[in-house]
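Undergrad: So you can see what is in the structure, the chains are spelled out below.
Number of protein chains: 4
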Amino acid sequence: MNSWGKYITLTTFGESHGPAIGGIIDGLPAGLEVDEDLLKELMRRRRPGGTQLGTARNEADRVELLSGIFERKTTGTPIGFIIRNTDVRSADYEKLRDVYRPGHADFTYEARYGVRDYRGGGRASARETACRVVAGAFAMMLLRTAGVTVSARIDQVGKERCQERFNEVIQAARAEMDSVGGFISCRIDNVPAGWGAPLGDKLQSRLAAAIMSIPAAKGWEYGMGFEGCTLRGSEVADEFYTEDGEVRTRTNYSGGIQGGISNGNSIEFRVAFKPVASIACVQRTVNTSGEECMVSITGRHDPCVLPRAVVVVEAVAAMMMADAMLEARLARV
Amino acid sequence: MNSWGKYITLTTFGESHGPAIGGIIDGLPAGLEVDEDLLKELMRRRRPGGTQLGTARNEADRVELLSGIFERKTTGTPIGFIIRNTDVRSADYEKLRDVYRPGHADFTYEARYGVRDYRGGGRASARETACRVVAGAFAMMLLRTAGVTVSARIDQVGKERCQERFNEVIQAARAEMDSVGGFISCRIDNVPAGWGAPLGDKLQSRLAAAIMSIPAAKGWEYGMGFEGCTLRGSEVADEFYTEDGEVRTRTNYSGGIQGGISNGNSIEFRVAFKPVASIACVQRTVNTSGEECMVSITGRHDPCVLPRAVVVVEAVAAMMMADAMLEARLARV
Amino acid sequence: MNSWGKYITLTTFGESHGPAIGGIIDGLPAGLEVDEDLLKELMRRRRPGGTQLGTARNEADRVELLSGIFERKTTGTPIGFIIRNTDVRSADYEKLRDVYRPGHADFTYEARYGVRDYRGGGRASARETACRVVAGAFAMMLLRTAGVTVSARIDQVGKERCQERFNEVIQAARAEMDSVGGFISCRIDNVPAGWGAPLGDKLQSRLAAAIMSIPAAKGWEYGMGFEGCTLRGSEVADEFYTEDGEVRTRTNYSGGIQGGISNGNSIEFRVAFKPVASIACVQRTVNTSGEECMVSITGRHDPCVLPRAVVVVEAVAAMMMADAMLEARLARV
Amino acid sequence: MNSWGKYITLTTFGESHGPAIGGIIDGLPAGLEVDEDLLKELMRRRRPGGTQLGTARNEADRVELLSGIFERKTTGTPIGFIIRNTDVRSADYEKLRDVYRPGHADFTYEARYGVRDYRGGGRASARETACRVVAGAFAMMLLRTAGVTVSARIDQVGKERCQERFNEVIQAARAEMDSVGGFISCRIDNVPAGWGAPLGDKLQSRLAAAIMSIPAAKGWEYGMGFEGCTLRGSEVADEFYTEDGEVRTRTNYSGGIQGGISNGNSIEFRVAFKPVASIACVQRTVNTSGEECMVSITGRHDPCVLPRAVVVVEAVAAMMMADAMLEARLARV
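Protein chains in written order, with my numbering: chain A, 25 to 357; chain B, 25 to 357; chain C, 25 to 357; chain D, 25 to 357.
Treat the hints loosely; a few may be bogus.
Note that the list lumps identical chains together, so a pair holds whenever it fits in one copy or between two copies.
[What the hints assert, rightly or not] Using 30 Å as the maximum straight-line C-alpha spacing, the simulated DSSO-like pairs for lysine-lysine come out as follows:
id : residue 1 : residue 2
1  : LYS97     : LYS30
2  : LYS119    : LYS30
3  : LYS97     : LYS119
4  : LYS30     : LYS64
5  : LYS97     : LYS64
Hints in this document: simulated from the structure, not taken from any laboratory.
Build the full structure now, drawing on both the sequences and the hints.
TA: This is the structure we're talking about:
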C-alpha cells in the first residue's frame, strides 16, 4: 500500500514526528552512476524552511543511503535510505490529539485503523514526499541515460496566472491567515515513441495514480485536458508528419500519449493542488468523542504547497517514466 | 498489463476484430448472488447500436459466463467469460493497414511492438470496455450488499451544459462529419468512512488510474477539482459535524476522500473525454513507410463517446470500490 | 490467486465440469512465431485417454486461441484461450455431492468458501493443468529463441527406479484398485549465467512455488537435494573452472543456481507426486452434515499421475524460466 | 524482488558489510500489541556469536523500529526498521575481491549485475535473514491472536538423527575445517480449516517459495513428502472423521493442506539445508579474469547453518501464515 512502481518500486515508511522516515528503492538496474549532487539539489528544492514562502519547520533532510551502492554505482540490489526527523515539536500537536482537523486525514485514518499517530499528521504528513524525491532523483539518473528530462513549474496560484505575481498572492494568503491553491504543469521531453502499455498500465493511468497520491492533489489532466474536451474532433486532431525520418505530430493535443503509449512528442500534464487545509483562522469541527468544537491550526505550515510541490511532481513523474523505460525492454522478442 | 484491481482483479484479452474478447474476474468472494439481469442491463447500456446516438455496429454482446458460478452464486473461484465478435467488417479497415490514423494508437502500438492488428483498432478498440462492464456488474452486486451505489451522468457535451440539448449537439457534430467531447460526473453513495488506503493505494489514485485507462479520457478530478483549487483554504474547508452519531462534513469539497480514505460523504469525481479521433473529414497523416498521405475514417463510429461511456465509468468505478470494500476488512486486528 | 509469473503471467479459470476452462497469457513479447504444432504435441502428451495408463475420460482438448496473435506471430497483447469441456459425466459425481472425499480438496474448499462445485473436483481438478500446458508451450517458444530447453522424465514409480518396469507397477496398482506415486526429475539446459534474482524472487523459489501448485506434488528439491544435504561441505563443493572462456562448475551439486541466480550449468530439480487419492477401494469419511460414512470413488481416474504430469512439469518450469529470461533484460543500465 | 508476502509484505535491503540492513513491513493490521520481548528473543536465537556452534562474528543486532507503532500498538502504517552492521571486518574479504568462492553467489551476482559488493557476501549474505526474523516476530504476534503457533527443530545433522549427538557432529566438522548440512522440520499448530487458496497461491506454494529463499535451502517437502510418495494411495489416505463437531483427519499424510488450503490439522513441512560452502580447506576456483586459482575461506563462518536457521524457518513460515490469515477474511461475502 505504501509502494509505487512495477519494475522499479519505491516503498516508504515513517511518520512526521517519529524518529525517521525512509524507504527502499528496488529494481534499479546495476551500473548506474550515482549523482549525489542531483539528489542534494532536489532535496534542497523540497526542503521546508528553504524559502520565505514555506513552513518555518527547518529540517536538514540529510538522506542516509544505506545499501545498493558500491564504489559510486548502483549494484542492482535495493537502495535503503532513511531521513531522520530532527526539528520535531510534537507539543504543538498535543492539543489536536482529540480533534479532527477539517480537510485533514485525522478522521479517516481513525475510521480505518481505529488508531492514529496524531503528531504532525503522522503518516499523512506531506513530509513523506521527501522519500519520493529521493526515489525521483535515482529515476532521473536513469532517465538521463536515455536523454529524458522532466521539468515542472507553477502555472497558476489561486486565480493568478502571471508568474511574477505568484509570490504576492501567497504572501497575501498568509497575511490573512488563509491558504491558496493552484496548478502545476509538467513536461517530459525526449521520450522515445513506444514507452507505456495498453489498458491497465497505460502511461496516463500510472502518471495519474502516482501524481494523485501527492497530498493536496485534486485533479490531473494531460494534453488537451478538460478544456480541450469541449472542442470538436477536427480542432484537436494531432496530424502526423515525418521529420528526419521520425514520425511526429504537428500539434500535441494528445499530450505525448496515444493508446497509453508515448508517441515521441513531449508528455505534458497538469495537476491541481488544493489550498492547504491547515489554516490559522478558527474552524468548526468535532472531536474524537463526537462533540462539536472549534479548532485553529497554529503549527508551522505553508500557506501554499505549490512552491515545494514542483520538485515532488517532477520526482513522482520521473519514477513512473523510469518504470516505463525499463518496461519498454520487454515489449519485443 | 491488462489487469485492474488488487483484491478483485480483472484481466482482459481480445482484439476488436478477433473471434472474441473476454476476461477473468478473480478474487470475488464466494456466496454472492449473481444478478444476470443487472449484467444484461449494463451491457445493453454500453452496447453499440443501442441508441441513435451511437455507432452503427450492432453487436449482440452476449456474455458467456464460463466458470466461478454454481447454482446462481459465486464460488470464490475465477469467473471466466467471453463475448464473441459477431458483426465484424474487417474489410472496412483493409485500407488502413498501412496508415496511422491521427489521434489513434496505430502508430504507438507499432512503435512499441513492431507489429499491430490494424483491424478495428485491434486491442486499442473501445470494444474492450465491454469486459470492464462485465466486471463492473459483479462489483456492483458486491457493493450492493453494503448499500453502496455508483451512478454517473453526462455533465457537458462540447460547451453545452444543458441536459436537454446534448442530443442536438451530438447530432450536429455527426452531421458535420465531426465529433464532440465533454464531461461525465460520477457519484458513489453510502460508502462508509474508512475505505481506501494511504499513500500508494489512495482511493483517488486507484480511481484516477482506472478511469484514465478508459479510451478517450483526458482528465480526472474529484471534489473541488480544478476550479476549487483556484480558491482560498477558508472557502473550501469541509467542516465536520455529527449527525445521528456519525461524523459528517457540511460541504464536500473533499469529494468524499481525505488522505486517500473515504470520509463517509459521497465520493464525487469528474472525467473529461475527448472528441473521438475517428472523423470522416479528410486529415493529413503518414503511412507505415513514413510517407505523408491523406486519410478519411469511414468505418462505423460514434460522433461522441459520452452516451456509451457513462456505464463504463460506473463499471470501472464500481470495480475500484469493490476492491476497496474487501481491503477494508484487512485494516484492523 | 489463479495466476503465475511476474513478467509473463498466466491467469486461469474453469471448473472440471463447467462449459470450459481457459486462461490469459499476458506479457509475452511481440514478434514471437507461434508454433501450433508444439502446442498440439504438448497437449497430446497431457491429454486424458492418450495412453492405456491414464483415465478413461477422453477430451479432445482443442485449444481455441482467441487473441494476441496476428499473421502467426504474437502481437504483445494478451493471448486469451479456452478449452471446451466435452466429455463430462457429472452424474458420476452426483453421489459425491454431500461427501468429502479423503485426500481431496472437497472439505477445504467448503471450509474456505462455504460452497463448492462438487462435480469432478470443480476447480481443484487436475484438468486445470491443461491451461498451464498452453502457457508452457508459448514459454517454450520464447525460450527456444535463447536455445533453452526443458525436459522432464519419470525417475521412480512407487519404490521402482527401473524405467522398464514403471508400466507394470502402475498396472498392478490399478488392478488392485489402488494408486501409486513417485518422482519426476527435470532439467533445463543452456540457461546462461545471470537469470534469476536474489532474495524474494530467487529462481528456486519461483520454480518451487510453481511446481508445488501442480496437484499431488508433495516435495521439491534441486541440485544435491535432500540426500546431498546429509554430506559434508567438502563433498558437495562445485569448484569453478573455465572452458572456452566461460566460467563453469565441474560438478553440479548447486543444481545450476547459486544465490537464486543461474550459474550457466543445467538447472536440475526433482518433484515428488503422491499416489492419487481417488481410489476405488472403500474408505471411511464424513459427509457435509458431519456424519461418518463410507465412500468408494468410481469415476474415471488415473492410478498414477506421473505419466501425464511429465509434460505439466515441463510446462510449468518453462513458464518460470521464460519469466526469468525477460527479467534478465532489466538487470543492468 | 526483495519482497515477500501479498497482504503483509516485507521488503528488505542491505549488504552484509554496509552501514546497515533493514526493511519495511507493510500491511500489518492496526491495533496489534507489539511484544518487544518476543522480537528480542527471536533475534537472540538467530544472532551470530550466540552459541559456541556458530560464527565468531558478534553483532548486537539491535533492531531500531522507526515507524508504524504508537503507544505500543501497530497503527496500520508501515513498520520501517534498521539494524546497524557493527562488527564488520571487511579486510577479511579484500583478498576475495577478485575470486569467485565455490558454492557462493559471487559469480552469479556478477554474471547478472556486472558488479558486486564482494565484502562479506554483500546482499547474498545470510545476515539478511535477520530482517526476516523481525518480520516473523510481528507475524507471530498476529498469529497468536488466532492461537496459531509455529515451531521448528533440527531433525537431522549430516546423517545423524539423534538430537543428543547433533552438537558433536557439528564440532567434528569444524575441527576438520569442513561443514555439515541437514534437515529442519516445522509444524504450525491450530490453523483453522480454510486458510490458503487454490492454484497460484496454494499454501504449499507460498511456504515452499519463502522457505526456499533462505540461503542454503536445497529442498522442501510437506506431509508425506518424498518418502510417502513411494507408497500406495491406500496407505496414505487421510480418512476424515468428526471430533466435537469438527471435521478431522485421523492421519496427516496431507501435511495439513489439501488443494492448497488448510484442513484444520497441523501443517508440517521439512527443509533440507546444504553444508555451508564457506570452508577453510583449500578449493580450486577461478578469478574474475577467468584464471584458475586456489581459495581457502578464512572468514568467521558457521560450520553448520542449522542451529541458527531454526528460528529463520519459523519466522519465514509465520510470515506466510499471517498473510494467509488475512487473506481468509476475503473468501466470503
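Undergrad: Hints broken by the structure, by number, lowest first?
TA: 2
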